[in-house]
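For the protein sequence lines, the chains are R and W, in the order given.
Sequence positions in the first sequence follow our numbering and run 1 to 143.
Sequence positions in the second sequence follow our numbering and run 144 to 545.
Hints in this document: simulated from the structure, not taken from any laboratory.
Here the structure is a predicted model, which is why all the values come from computation and not from measurement.
Just so it is clear, CB atoms sit at the ideal spot from N, CA and C, and this is done for glycine as well.
Mixed in with the good hints there might be a few duds.
As the list claims (entries may be wrong) - Take a look, some chain R residues computed to stay more than 10 Å from chain W by CB distance:
1. N32
2. R35
3. F73
4. V77
5. M121
Unchecked claim - Ranges of calculated distance between the beta carbons of each label pair, as one might list FRET restraints:
6. W:Q362 to R:Q55: 42 to 50 Å
7. W:S439 to R:Q55: 47 to 55 Å
8. W:S475 to R:F59: 23 to 31 Å
9. R:K116 to W:S475: 48 to 56 Å
10. W:G326 to R:P91: 22 to 30 Å
11. R:E11 to W:E183: 38 to 46 Å
Stated by the list, open to error - Residues of chain W placed beyond 12 Å of chain R at every Cβ, according to the derived structure:
12. A187
13. D210
14. A261
15. G295
16. E324
17. N344
18. T419
19. D471
20. D522
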Amino acid sequence: MDKQKDIMIPEPLLMPVIEVEHSLFWESLSKNELRIQKCSNCTALRYPPNPMCSQCQSFDHTWELMSGMGEIFSYVVTHQPTHSAFRGRTPLATVVVELNEGPRLVTNILNISPSKIKIGMKVQIVFQKMNDEITLPFFELID
Amino acid sequence: MLIIKWQCSECLFALFNINDYDASMVDQSKVAIAGIGETEYSRASGRSELVLTLEAIVAALKDAGIDPHEVDGLMRWSVDTSSEAIVAENLGIKNLNWFGDISQAGNVGAALVASACAAIRSNLAEIIVIYRGVNGRSGRRYGSGAVTGRRGQGLSAFSEPFGLLTPQHGLAMMTQRRMYETGITSRHFGMVSVTERFHANRNPRATFFGRSLTIEDHQESRFVVEPFRLFDCCLETDGGGAIILTSLDRAKSLRQPPAVVRAAAQHAYASSRDYTDTAAKFIAPRLWSQAKIAPSDISVAQIYDHFSPFVIFALEDYGFVARGEGGDFVESGQMSWDGGILPVNTSGGHLSEAYMQGMNQLLEGVRQVRGTSTAQVLDVDFSFVDTGIGTGAVVLEPDNYG
Numbered sequence: 001m002d003k004q005k006d007i008m009i010p011e012p013l014l015m016p017v018i019e020v021e022h023s024l025f026w027e028s029l030s031k032n033e034l035r036i037q038k039c040s041n042c043t044a045l046r047y048p049p050n051p052m053c054s055q056c057q058s059f060d061h062t063w064e065l066m067s068g069m070g071e072i073f074s075y076v077v078t079h080q081p082t083h084s085a086f087r088g089r090t091p092l093a094t095v096v097v098e099l100n101e102g103p104r105l106v107t108n109i110l111n112i113s114p115s116k117i118k119i120g121m122k123v124q125i126v127f128q129k130m131n132d133e134i135t136l137p138f139f140e141l142i143d
Numbered sequence: 144m145l146i147i148k149w150q151c152s153e154c155l156f157a158l159f160n161i162n163d164y165d166a167s168m169v170d171q172s173k174v175a176i177a178g179i180g181e182t183e184y185s186r187a188s189g190r191s192e193l194v195l196t197l198e199a200i201v202a203a204l205k206d207a208g209i210d211p212h213e214v215d216g217l218m219r220w221s222v223d224t225s226s227e228a229i230v231a232e233n234l235g236i237k238n239l240n241w242f243g244d245i246s247q248a249g250n251v252g253a254a255l256v257a258s259a260c261a262a263i264r265s266n267l268a269e270i271i272v273i274y275r276g277v278n279g280r281s282g283r284r285y286g287s288g289a290v291t292g293r294r295g296q297g298l299s300a301f302s303e304p305f306g307l308l309t310p311q312h313g314l315a316m317m318t319q320r321r322m323y324e325t326g327i328t329s330r331h332f333g334m335v336s337v338t339e340r341f342h343a344n345r346n347p348r349a350t351f352f353g354r355s356l357t358i359e360d361h362q363e364s365r366f367v368v369e370p371f372r373l374f375d376c377c378l379e380t381d382g383g384g385a386i387i388l389t390s391l392d393r394a395k396s397l398r399q400p401p402a403v404v405r406a407a408a409q410h411a412y413a414s415s416r417d418y419t420d421t422a423a424k425f426i427a428p429r430l431w432s433q434a435k436i437a438p439s440d441i442s443v444a445q446i447y448d449h450f451s452p453f454v455i456f457a458l459e460d461y462g463f464v465a466r467g468e469g470g471d472f473v474e475s476g477q478m479s480w481d482g483g484i485l486p487v488n489t490s491g492g493h494l495s496e497a498y499m500q501g502m503n504q505l506l507e508g509v510r511q512v513r514g515t516s517t518a519q520v521l522d523v524d525f526s527f528v529d530t531g532i533g534t535g536a537v538v539l540e541p542d543n544y545g
């Protein structure tokens, strides 16, 4: 790994625990694809994953490929390491990105100082492989 | 000169489409809070959460004039560690006819009151104690995520790896978005903290009794999770509290003037993923139609202030003021006991009295009905208590039922 390039890439504070119902989400990320649940009955998108469509109560769904483009909907900056996982990592910005297709994802923005982040900035996805099972969806600014 | 306008009942009812709700379906047999009790609030209680709980319950029963053996219902926050069984064993309860805990986190005070009211109206229990005993500073600290963290399991797999790890993170996310949408500022949040500190300075039980806070202190305080500064964040407290509910008929014969439960509504927290509104927009129509009053009829309010902006959001989302006007309402002194149109968090709230996850605010809501607050509002008709992020609220009133 290119250390210089990775310097602004946040390692996850902790690793996600993969559950059976969410496995297709993580498998597609490992193939550098962001796929979001889409109801087969009413076509509503939903994230994070859930068994049932809240619009029409259908269990049937597909995993729809997203563009990976969106904009910053909101953000927070952790300054005080209130949780042990933050030690040595602050200040850390955590961001909600609203995808162009609608769903909102919690993520981090790469290669930007937390003080520069603003609501409305345009961003695109960056797939960051953590291990054989887990690739996390981070984002970066679109120039 | 800023002029604060209350929303009139007509706009409010139109806003919430309140005519869709049939208040005649609400059972009109009244339940009242007949006793309140609490321990001292500290950073290190030196005793167990069970002992704090039992001390508070005994104080509340004594306040009401009820023998512990008469209690037949026990209810608690699911995050509370003192089980109904161990509490019943200590109190010597022979017939525990109604018990249960309500899940989520700190935000279930109103849901517990609503559930207790339903049980009493249905004759499933006669005297129900709702209790909370917690070493929130010397034991497991909420601010660290020790109570609510999921370690990446379940749906937290989609938020915790990126830093939404403790209660303040998701709430800060909503706050930042609302600042963007409505123009409220950190200075508005600061005025919430300053006003509550002023109230705490009148309350000898308050953690910050005798310690003043200025808007400059607030604005110069460090960020914890931006946009929350240190003085936007609630205390972490060791302490216990309890309330006793029974039928109004029974309460009339007891030691204290009853605080009648005029309305109680609840909602779960899941809708928060929008990061835009609190759950109050869902429960407000039910609450106000159940109470058959408008927000402008409320004399005094206690609002769950784990973080100061949530006082402003509650004022807006319950319909006390229009969305975006809560900041000006607070900055112009309208939530102050000293001359405000609606005094809020008159004991100092979670920011300056104690953080008992809504219990201390239920107690203060009752004191305002009784006329015993250290920042007492004159002629209280209706006392409002929000118990967290708009997920539950109670309207209390004096006994005007003959």
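To see whether the hints hold, each was checked on the structure:
no. : hint                         : result
1   : N32                          : 18 Å, holds
2   : R35                          : 13 Å, holds
3   : F73                          : 7 Å, violated
4   : V77                          : 4 Å, violated
5   : M121                         : 12 Å, holds
6   : W:Q362 to R:Q55: 42 to 50 Å  : 44 Å, holds
7   : W:S439 to R:Q55: 47 to 55 Å  : 36 Å, violated
8   : W:S475 to R:F59: 23 to 31 Å  : 52 Å, violated
9   : R:K116 to W:S475: 48 to 56 Å : 34 Å, violated
10  : W:G326 to R:P91: 22 to 30 Å  : 25 Å, holds
11  : R:E11 to W:E183: 38 to 46 Å  : 44 Å, holds
12  : A187                         : 19 Å, holds
13  : D210                         : 44 Å, holds
14  : A261                         : 27 Å, holds
15  : G295                         : 5 Å, violated
16  : E324                         : 9 Å, violated
17  : N344                         : 26 Å, holds
18  : T419                         : 9 Å, violated
19  : D471                         : 22 Å, holds
20  : D522                         : 42 Å, holds
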